[in-house]
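Whole structure, please, built from the sequences with the hints as guidance.
Sequential numbering from 1 applies to the sequence shown in UniProt numbering.
The set of hints was computed from the structure by calculation and includes no laboratory data. If you're wondering where the values come from, they're calculated on a predicted model, not measured in any experiment. Don't take each hint at face value.
Derived Cβ-Cβ restraints for the label pairs, each shown as a range [what the hints assert, rightly or not]:
hint: 1; residue 1: D94; residue 2: Q61; range: 22 to 28 Å
hint: 2; residue 1: R62; residue 2: V91; range: 15 to 21 Å
hint: 3; residue 1: H92; residue 2: R70; range: 17 to 23 Å
Yeah, the Cβ is synthetic: ideal placement off N, Cα and C, and Gly gets one too.
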Amino acid sequence: MLEECKALSNETRLAILEWLKDPATHFPGIGDGADGVCVGLIQRRVGCSASTVSAHLATLQRAGFLQATRRGQWTYYRRDEERIRAFAARVHHDL
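Below is the structure:
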């Protein structure tokens, strides 16, 4: 649970998770976003360097909050809703 809490302790990572909850609203033009959002769009929205955004995404992925799908040269990220629900249930139960 510590890795998940560390991942959520950053304002930018929290914002990324919030945006990916409703990608169609936060990333116009991608349709429903069911396949995820490409790193380039996330980077533009965050306004940080590619390496910084990649580090944030890797942290969220290691914590289990994101799933990544690679298509050619692009990587698409989407929330892992099942893992997020399980983490929330653990927090509710343990704390």
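C-beta pair D94, Q61: status relative to the range 22 to 28 Å that was hinted | At roughly 23 Å between Cβ atoms, Q61 and D94 fall inside 22 to 28 Å, so the hint holds.
Range hint 17 to 23 Å: satisfied by the CB atoms of H92 and R70?
-> At 34 Å between Cβs, range violated.
Verdict for R62, V91 (Cβ pair) under range 15 to 21 Å = The hint (15 to 21 Å, Cβ to Cβ) holds, given that R62 and V91 are roughly 18 Å apart.
Checked against the numbered hints listed earlier, the structure breaks hint 3 alone; every other hint is satisfied.
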